[in-house]
Amino acid sequence: MSKPFDRRKFLKVSGMSLGVGALISVAPALGAGGPAARVRDFFRRRNGEVVKPFTLVQLSDAHVGFQGPPNPTGTKAFERAIDIVNGLNPQPELILFTGDLTHEAEVPGEHARRMQLFQTLTSRLKTKKVLYVPGEHDAALDNGVLYRQFFGETHYAFDHRGVHFIALDNVSSGKPAVGAEQIEWLKRDIARYPHTTPIVVFTHRPLFDLRPDWEWFTRDGDDVLNVLAPYENVTILYGHIHRHDVHESEHAMHYASRSMIFAFPDPTTTGDKKPVPFDKEKPFANLGLQSLAERRGRLGVDDVELSLQEFSGTDGVQQILKSGELL
Amino acid sequence: MNRFIAMAVAVPLFVVGMAASMDTPPRVVTISAKRFEFTPNQITLKRGEPVTLRVSAEDRDHGFYQKDLKIDLDLTPDHASEVTITPDKSGRYVVICDHFCGSGHGNMKMVINVE
Ligand SMILES: [Cu+2]
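Chains as they are written, first to last, in this note's numbering: chain A, 1 to 327; chain B, 1 to 115.
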């Protein structure tokens with residue numbers, strides 16, 4: 001019997017966020033033999049794709065249009081994030097945006113204007129392969145009608161260099177739910193893939209009960225995880241919670257990316273869901289730069305994390321960028 | 001013989017007692033929902049006492065969700081929605097609106113205290 005490859009080796013989340021989202025290096029295990037070789041062959045037959053390691057960035061929760069005390073600087077952090085991503089070398093091949101691209105608006109036409117502004121800003125990204133899922137602030141009030149005009153379908157799947165990516169929509173019904181129809185689609189979509197295929201699911205809300213009384217859950221998240229359960233290398237990237245989080249469920253690893261607008265506090269030690277207050281001395285501090293090791297330490301074994309503990313604040317970002325340790 | 005009479009009396013009494021408790025409808029607590037609050041925003045229930053929560057939406061669709069108490073209602077402005085529960089564990093339970101209703105949705109909640 002061959003050993004399934006260790007999913008923690010498959011996606012190495014390095015350093016995390018830099019206040020901008022997660023920088024993720026994918027698929028070092030695909031160079032190996034055994035099950036990895038079978039996956040490689042599968043993708044060659046399927047897509048003619050060369051399987052090789054690559055990097056991707058996850059961005060989340062820009063909330064373009066948001067105005068308020070938790071962050072009076074509007075899109076500044078988002079723009080900074082774009083600059084940081086553009087400074088990466090090598091460039092990420094993919095950018096996954098896990099929802100709440102925009103903040104909803106009461107005034108007719110204003111939400112569309114915000115989506116337009118979001119697109120103007122993201123057009124500055126050097127990486128052109130940017131994929132989106134909606135957050136509830138983008139798509140829950142009109143069941144995704146406006147979102148689809150700007151960003152296309154709210155769920156879909158594609159392959160990239162030996163990894164199968166699945167975008168799931170758990171917002172546009174208005175409820176924190178994926179829905180039976182999408183789950184049926186998911187079953188059909190992944191049925192063709194060998195169980196050793198690396199799968200990355202990206203979605204807005206957590207698919208597990210992180211903090212249901214803060215609406216940090218998906219009602220039918222268990223159903224989704226059950227469909228994915230036979231697959232040995234499932235990584236789930238999500239946003240919504242405006243903070244970094246790592247969670248291991250029976251069959252998958254779940255990573256939350258920080259926000260680019262304001263942070264929420266630690267749900268395990270906080271009663272009420274209130275944004276972390278804005279600190280004008282450190283306008284980006286709450287948006288990032290907490291190392292993985294500070295959390296539960298699951299992935300807390302690489303040098304980049306340690307550097308992040310050494311450096312702090314926006315200076316830390318600069319130093320880390322200069323030190324070239326990002327990858 | 002005495003024992004016989006005692007039983008003959010006891011059995012019907014028991015049945016009547018059951019029927020009476022089944023006929024008494026549970027206490028009703030009325031709650032209304034509008035963006036972005038529930039009124040009242042706090043209620044207290046007794047452990048073991050059945051109670052019907054009758055919840056109406058004033059302005060648009062909302063949700064009414066508390067997993068541990070098995071409360072899960074879809075609220076629409078046309079009619080009130082109801083759920084009858086018998087809380088069996090004391091504690092503080094946060095009920096949330098789980099149907100996105102606008103910018104204050106994330107903090108639309110109320111508390112059920114069970115004593
Ligand atoms: Cu609501």
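It should be emphasised that the hints constitute simulated quantities derived from the structure, not laboratory data.
Some hints here could point you the wrong way.
To be verified - What follows is a set of in silico ranges between Cβ atoms, one per label pair, in the way DEER data are often shown:
no., chain 1, residue 1, chain 2, residue 2, range
1, A, SER249, B, GLU37, 45 to 55 Å
2, B, SER90, A, ASP266, 21 to 31 Å
3, A, PRO267, B, ASN41, 19 to 29 Å
4, A, ASP209, B, ARG27, 47 to 57 Å
5, B, GLU82, A, LYS282, 18 to 28 Å
6, B, VAL29, A, PRO267, 46 to 56 Å
7, A, THR120, B, SER90, 33 to 43 Å
8, A, GLY74, B, THR24, 24 to 34 Å
9, B, ARG60, A, THR73, 29 to 39 Å
10, A, ASP83, B, GLU37, 39 to 49 Å
11, A, ALA157, B, LYS46, 46 to 56 Å
12, A, SER123, B, GLU82, 43 to 53 Å
13, A, HIS195, B, LYS46, 48 to 58 Å
Stated by the list, open to error - The list that follows gives simulated cross-link-like pairs (lysine-lysine, DSSO-like), each with its CA atoms no further than 30 Å apart:
no., chain 1, residue 1, chain 2, residue 2
14, B, LYS67, B, LYS34
15, B, LYS67, A, LYS76
16, B, LYS89, A, LYS187
17, A, LYS187, B, LYS67
18, B, LYS46, A, LYS273
19, B, LYS89, B, LYS70
20, A, LYS187, B, LYS46
21, B, LYS67, A, LYS128
22, A, LYS129, A, LYS274
23, A, LYS273, B, LYS67
24, B, LYS34, A, LYS126
25, B, LYS70, A, LYS273
26, A, LYS187, A, LYS126
27, A, LYS282, A, LYS126
28, A, LYS273, B, LYS34
29, A, LYS274, B, LYS67
30, B, LYS46, B, LYS34
All residues carry an ideal CB built from backbone N, CA and C; glycine is no exception.
How the hints compare with the structure:
Remark: the range hint 45 to 55 Å for A:SER249 to B:GLU37 is contradicted by a beta-carbon distance near 34 Å. Hint check: B:SER90 to A:ASP266, Cβ distance near 26 Å, so the stated range 21 to 31 Å holds. In this structure the hint that A:PRO267 and B:ASN41 lie 19 to 29 Å apart at CB holds, the actual value being about 21 Å. The supplied range of 47 to 57 Å is broken by A:ASP209 and B:ARG27, whose beta-carbon atoms lie about 30 Å from each other.
Hint check: B:GLU82 to A:LYS282, Cβ distance near 50 Å, so the stated range 18 to 28 Å is violated. The hint said 46 to 56 Å for the Cβ distance between B:VAL29 and A:PRO267, and at roughly 29 Å that hint is violated. The supplied range of 33 to 43 Å is broken by A:THR120 and B:SER90, whose beta-carbon atoms lie about 54 Å from each other. With their beta carbons about 58 Å apart, A:GLY74 and B:THR24 fall outside the hinted range of 24 to 34 Å.
In this structure, B:ARG60 and A:THR73 meet the distance hint of 29 to 39 Å, their C-beta atoms being roughly 32 Å apart. As the Cβ distance of A:ASP83 to B:GLU37 is approximately 40 Å, the hint placing it in 39 to 49 Å holds. Range check, A:ALA157 to B:LYS46: about 50 Å between beta-carbon atoms, so the 46 to 56 Å window is met. Checked against the hint of 43 to 53 Å, the pair A:SER123 and B:GLU82 passes, with Cβ atoms roughly 51 Å apart.
At roughly 51 Å, the beta-carbon separation of A:HIS195 and B:LYS46 lies within the given 48 to 58 Å, and the hint holds. For a cut-off of 30 Å, the pair hint linking B:LYS67 to B:LYS34 stands: about 21 Å separates their Cα positions. Proposed proximity of B:LYS67 and A:LYS76 is contradicted: the alpha carbons are some 38 Å apart, above 30 Å. With a CA separation close to 38 Å, the supplied pair B:LYS89 and A:LYS187 exceeds the 30 Å bound.
Between A:LYS187 and B:LYS67 the alpha-carbon distance is near 27 Å, which keeps this suggested pair within the 30 Å criterion. The straight-line distance between the Cα atoms of B:LYS46 and A:LYS273 is roughly 27 Å, inside the 30 Å bound, and the hint therefore holds. For the hint linking B:LYS89 to B:LYS70, the alpha-carbon distance of about 12 Å falls within 30 Å, and the restraint holds. Restraint check for A:LYS187 and B:LYS46: the C-alpha separation of about 44 Å exceeds 30 Å, so the hint is violated.
For the suggested pair B:LYS67 and A:LYS128, the alpha carbons sit about 42 Å apart, so the restraint of at most 30 Å is broken. Taking the CA atoms of A:LYS129 and A:LYS274, the gap is near 34 Å; set against the 30 Å cutoff, the hint is violated. Taking the CA atoms of A:LYS273 and B:LYS67, the gap is near 18 Å; set against the 30 Å cutoff, the hint holds. Between B:LYS34 and A:LYS126 the CA atoms are separated by roughly 44 Å; this puts the pair beyond 30 Å, and the hint is violated.
Our distance criterion of 30 Å between C-alpha atoms is met by B:LYS70 and A:LYS273, whose separation comes to about 22 Å. Straight-line distance between C-alpha atoms of A:LYS187 and A:LYS126 comes to about 34 Å, which puts the hinted pair past the 30 Å bound. For the proposed pair A:LYS282 and A:LYS126, the alpha carbon gap of about 27 Å is at most 30 Å, so the pair holds. A threshold of 30 Å between alpha carbons decides the hint, and for A:LYS273 with B:LYS34 the separation of about 20 Å falls inside it, so the pair holds.
Of the supplied pair hints, the one linking A:LYS274 and B:LYS67 holds, its CA atoms being roughly 22 Å apart against a limit of 30 Å. Between the alpha carbons of B:LYS46 and B:LYS34 the distance comes to roughly 26 Å, so the proposed pair stays at or under 30 Å and holds.
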